[in-house]
Amino acid sequence: MTAPVPFIRDAWYAVAASTEVGRALLAREILGQRVVIYRTEAGLPVVLRDRCAHRFAPLSMGERVGDTVECPYHGMRYAPDGACVRVPGQSRIPPVARVTSYATLERYGLVFAWMDETVPADPARLVAIPQVEAPGWAVSRGYLRFAARWTNILDNLVDPAHTGFVHKRTIGSRGSDDVPITATDEHGDVVCRRWVNGEPPVPMMQRFLGHDRPMDRWQVYRLSPPCVSSVDFGAVEAGQPHDDAAMDAAPYRTISYAFLTPETAHTTHYFAFQLRNIAVDDPAVTHEFETLYQATFDEDRVLLEAIEREEMADPDAVPVMLASDAGVARLRRLLAKRGASMTR
Amino acid sequence: MTAPVPFIRDAWYAVAASTEVGRALLAREILGQRVVIYRTEAGLPVVLRDRCAHRFAPLSMGERVGDTVECPYHGMRYAPDGACVRVPGQSRIPPVARVTSYATLERYGLVFAWMDETVPADPARLVAIPQVEAPGWAVSRGYLRFAARWTNILDNLVDPAHTGFVHKRTIGSRGSDDVPITATDEHGDVVCRRWVNGEPPVPMMQRFLGHDRPMDRWQVYRLSPPCVSSVDFGAVEAGQPHDDAAMDAAPYRTISYAFLTPETAHTTHYFAFQLRNIAVDDPAVTHEFETLYQATFDEDRVLLEAIEREEMADPDAVPVMLASDAGVARLRRLLAKRGASMTR
Amino acid sequence: MTAPVPFIRDAWYAVAASTEVGRALLAREILGQRVVIYRTEAGLPVVLRDRCAHRFAPLSMGERVGDTVECPYHGMRYAPDGACVRVPGQSRIPPVARVTSYATLERYGLVFAWMDETVPADPARLVAIPQVEAPGWAVSRGYLRFAARWTNILDNLVDPAHTGFVHKRTIGSRGSDDVPITATDEHGDVVCRRWVNGEPPVPMMQRFLGHDRPMDRWQVYRLSPPCVSSVDFGAVEAGQPHDDAAMDAAPYRTISYAFLTPETAHTTHYFAFQLRNIAVDDPAVTHEFETLYQATFDEDRVLLEAIEREEMADPDAVPVMLASDAGVARLRRLLAKRGASMTR
Chain A
1 MTAPVPFIRD
11 AWYAVAASTE
21 VGRALLAREI
31 LGQRVVIYRT
41 EAGLPVVLRD
51 RCAHRFAPLS
61 MGERVGDTVE
71 CPYHGMRYAP
81 DGACVRVPGQ
91 SRIPPVARVT
101 SYATLERYGL
111 VFAWMDETVP
121 ADPARLVAIP
131 QVEAPGWAVS
141 RGYLRFAARW
151 TNILDNLVDP
161 AHTGFVHKRT
171 IGSRGSDDVP
181 ITATDEHGDV
191 VCRRWVNGEP
201 PVPMMQRFLG
211 HDRPMDRWQV
221 YRLSPPCVSS
231 VDFGAVEAGQ
241 PHDDAAMDAA
251 PYRTISYAFL
261 TPETAHTTHY
271 FAFQLRNIAV
281 DDPAVTHEFE
291 TLYQATFDED
301 RVLLEAIERE
311 EMADPDAVPV
321 MLASDAGVAR
331 LRRLLAKRGA
341 SMTR
Chain B
1 MTAPVPFIRD
11 AWYAVAASTE
21 VGRALLAREI
31 LGQRVVIYRT
41 EAGLPVVLRD
51 RCAHRFAPLS
61 MGERVGDTVE
71 CPYHGMRYAP
81 DGACVRVPGQ
91 SRIPPVARVT
101 SYATLERYGL
111 VFAWMDETVP
121 ADPARLVAIP
131 QVEAPGWAVS
141 RGYLRFAARW
151 TNILDNLVDP
161 AHTGFVHKRT
171 IGSRGSDDVP
181 ITATDEHGDV
191 VCRRWVNGEP
201 PVPMMQRFLG
211 HDRPMDRWQV
221 YRLSPPCVSS
231 VDFGAVEAGQ
241 PHDDAAMDAA
251 PYRTISYAFL
261 TPETAHTTHY
271 FAFQLRNIAV
281 DDPAVTHEFE
291 TLYQATFDED
301 RVLLEAIERE
311 EMADPDAVPV
321 MLASDAGVAR
331 LRRLLAKRGA
341 SMTR
Chain C
1 MTAPVPFIRD
11 AWYAVAASTE
21 VGRALLAREI
31 LGQRVVIYRT
41 EAGLPVVLRD
51 RCAHRFAPLS
61 MGERVGDTVE
71 CPYHGMRYAP
81 DGACVRVPGQ
91 SRIPPVARVT
101 SYATLERYGL
111 VFAWMDETVP
121 ADPARLVAIP
131 QVEAPGWAVS
141 RGYLRFAARW
151 TNILDNLVDP
161 AHTGFVHKRT
171 IGSRGSDDVP
181 ITATDEHGDV
191 VCRRWVNGEP
201 PVPMMQRFLG
211 HDRPMDRWQV
221 YRLSPPCVSS
231 VDFGAVEAGQ
241 PHDDAAMDAA
251 PYRTISYAFL
261 TPETAHTTHY
271 FAFQLRNIAV
281 DDPAVTHEFE
291 TLYQATFDED
301 RVLLEAIERE
311 EMADPDAVPV
321 MLASDAGVAR
331 LRRLLAKRGA
341 SMTR
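Chains as they are written, first to last, in the working numbering: chain A, 1 to 344; chain B, 1 to 344; chain C, 1 to 344.
Chain A with its partners taken away, still in its complex shape:
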């Protein structure tokens, strides 16, 4: 399965950080389509196809006028719903003069768009992350652009086996190489977990916990198709139960979210944030987390971009699957199912 799979359009995709979206026009490519993003006077994000219906000029090169966008070529204006509301020098507006408007939703510091105008947008289908607004948690943020297809990045996010090799200079530890990983489907998500028991905490944990006595550590990689990944790391005292209550009360826990949005068939936006329950009021730690995760994702990026070049050079190559690809195999089955309902 090395040729890029078609996009799954009926989903919420992160298209920008909330802080990027204001009254100015922001141009971006999403799922192979150029869009223009801005905010109405009331503060609602707007995502329109960035192409005037008349002569295909990018609307993002024009001006926002009130809540409309004015085309730079002949001054046609489009409302937030995509309808043309003005054609200079012409009183009748042709009904075909419109651009696609995508439903939007703003949460978790991100602006999301529902990229399928043929399927009603359902806010309930956005992943729920209670910790973002809950007390006791701090947030750090990042963004990268990968010159790699989205599916290979997804695979990477349900693949704990790569951590000890790709990330040996950042977050990896090779001690856990041989602890088995369990991959399961849970309510449509692919979940890979393992517990590494009775071992000293990794260096990062030691620093915030202030000790190095053996603990039980978990790693839970969750992928909510098509585009949301979370990686939950933490440690409890050795011998404690391994259940939700213990994890919620753990002295050290981080949950790293990644929202992937295909830019083109061969490039991907990677919006990320990390939750942590330690040093929550310390901006220096927030900055440190942002630096660390950016460096870590960059290790993935460099490797996945090299793989993308190889996949493009030889689209018919067939990979050899390993035992550690259990999560990948489950994910690919789920994506294939979604593909059956793809709108194109």
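Note that these hints are calculated values from the structure, not bench results. It should be emphasised that the depicted structure is a prediction, and the values quoted were computed from it without experimental measurement. Where is the CB? At the ideal position from N, CA and C, for every residue including glycine. Each hint should be verified, as a subset may be incorrect.
[Claimed, not checked] Within a straight-line C-alpha distance of at most 20 Å, the following computed EDC-like cross-link-like pairs (lysine to aspartate or glutamate) qualify: (1) A/K337 x A/D185; (2) A/K168 x C/E63; (3) A/K168 x A/E199; (4) A/K168 x A/D232; (5) B/K168 x A/E63; (6) B/K337 x B/D185; (7) B/K168 x B/E199; (8) B/K168 x B/D232; (9) C/K168 x B/E133.
[Claimed, not checked] Calculated Cβ distances over 12 Å to all of chain B for the following chain C residues: (10) A24; (11) D116; (12) V127; (13) T184; (14) P201; (15) A238.
Chain A is already provided as a structure; the job is to place chains B and C on it using the hints.
What follows is chains B and C alone, placed relative to chain A:
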């Protein structure tokens, strides 16, 4: 009609400014074909296909020897008519050893080539511009390369409606948005005109006229297929007749010529000059006009290059036509007719 | 025959200078395939396909561990024979988990690989060059990458007629333009020779011979398909016999070897060395030769890259053949024969 239309070869195309063409070899791509341009000892411009018949070396990388061009690889020499006249080490010259030579014509400070060797070149088919050599007129000049298909640039040149939007920072004025434009065919040209009556002159005119009282202003956009555009601007006292005699005697008039030459299907040479009947002896004004027009054409260039990228990404997109596209529609019909006699 | 001919795989190709190959991993593209090159602890060169069988990561981005290469993504290790010898977290190694290993040979300061895994590698098929290890000869070396197809570079190397034009600023002399060249097949090689008799030595020879009296000079261009070229220059006293014994005893002789290795269909590695029988103990002369030959090959490169652009723009163009193309014609026939036994 968004796929690039085939080139119309049986026409005079500007290939270089006269000042660019001398005894040195000049390489350029014209209608998808690399040519080498130089001047004979008698001063006549020569345009040859820039590819040796033997092993395809660019002749422009060789040397001019007398009036011939010597190939840099094995020293074959070609005369201005394209015939090979020397093969080192070989007395018989194969009759197939020749390169295409294009008929040339030099006028208006430009070198033109007739790009169809199968149709006799007719000097009478070059557009007549009596003012270039007439007294009372000054000339300013410019050149740009557009990474945009020639047909979209042509459309832009029979489309007065874009001026108030694309050129609002240079020559545009939005006051005239709602004055209707008349598009007609005249002797095979597409002509779009309007008169804006009883309004104060635009700032440029005010400066040279020295007053701001209401005048009658004209705009005449003329396109002589396939490749020559002129835009005639001027003003007469309010209430005067709107005829040729009044325009010829007008206190302010500029005529801007553009000679488009496709470089490739997606790029275009844009040779331009402007005639003016004001401050004809002032080189500072000439310089000012050159700067102003270059900036103006550059506004078109930036926009048309963005549109080109969109057209290339989605060649099947169909534009919505507006009332202001009357000139464009006429032009496309004329080009389609010429296409019927295209040589390839 | 302007479309690139398929690669001939069953041959020895220079892939690196010996000095480039050590314990570090070297990535290079050879015959359209990325390979990773390194040396075992015993000093033997290894050439493996640079693509992990699992998820296509470049092995060259990983690490050498002992004599194996470890994949940067999940730590799979490959032995010099291409077999996978370790999969972290998995005891059974899938038999399909292997990469192609190419047979290697090291000679003349170069590492060669036999690029066809379906045909046994035969060391006897490497060209024999007794002078490299013989006393009385000095060696100078160089490398260039040509953005040009290998076949056009080969043609250039059996084409003495180009020397007076392409190399007029370096080694060329136009005096010999009209001396006929004899092209023959000798034991599967194409050989073009000429003797220029009773003329003063070229400037380079005069300098090392210390006189300018007339001599008999030879030029022998030999091409051993598919990829090895030698150019033998020298001079004997005028009137001496023109046989091997005289040439071996000549007071001035240089033999320039070029080993061409296609990188892609449109780019080529050019490994070169020059033998000389003059000033053999003078490193300044070695340096001077390296500079001179690099400049000379660069003249070919610039021209052949321009021709490559033309060939790619117009793949159907048919060259006009000249009398001086006798060697080229013989070479093309030999390559076509080899093509009949090409493995792909």
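**Prompt:** Is the hinted pair B/K168 and B/D232 satisfied, with a Cα-Cα distance of at most 20 Å?
**Reply:** Satisfied, since the Cα-Cα distance of roughly 18 Å is no more than 20 Å.
**Asked** Taking 20 Å as the top limit, are the C-alpha atoms of B/K337 and B/D185 close enough?
**Response** 14 Å, holds
**Request:** Mind checking the alpha carbons of A/K337 and A/D185 for me, to see if they're no more than 20 Å apart?
**Result:** Judged against 20 Å, a Cα distance of about 14 Å means the pair holds.
**Request:** Would you mind confirming whether the straight-line C-alpha gap from A/K168 to A/D232 stays at or under 20 Å?
**Result:** Holds. A/K168 to A/D232 sits at ~19 Å (cutoff 20 Å).
**Request:** Starting from C/K168, check that the Cα of B/E133 is at most 20 Å away, please.
**Result:** 47 Å, violated
**Message:** Next pair to validate is A/K168 with C/E63; report whether the Cα-Cα distance is within 20 Å.
**Reply:** 12 Å, holds
**Item:** Straight-line alpha-carbon gap B/K168 to B/E199, limit 20 Å
**Value:** 18 Å, holds
**Request:** Determine whether the non-interface label on C/T184 survives the test: each CB of chain B must be over 12 Å from its CB.
**Result:** 18 Å, holds
**Item:** Minimum Cβ-Cβ distance from C/A24 to chain B exceeds 12 Å
**Value:** 40 Å, holds
**Prompt:** Going straight from one Cα to the other, do B/K168 and A/E63 come out at no more than 20 Å?
**Reply:** Given that 20 Å is the threshold and the Cα spacing comes to 12 Å, the pair holds.
**Item:** C/D116 non-interfacial with respect to chain B [C-beta, more than 12 Å]
**Value:** Fine: 30 Å to the nearest Cβ keeps C/D116 off the interface.
**Check on C/P201 being off the interface with chain B, judged by Cβ distance over 12 Å** = The claim holds: C/P201 sits with its nearest Cβ about 22 Å from chain B, beyond 12 Å.
In terms of the numbered hints stated before, the structure departs from hint 9 and from no other.
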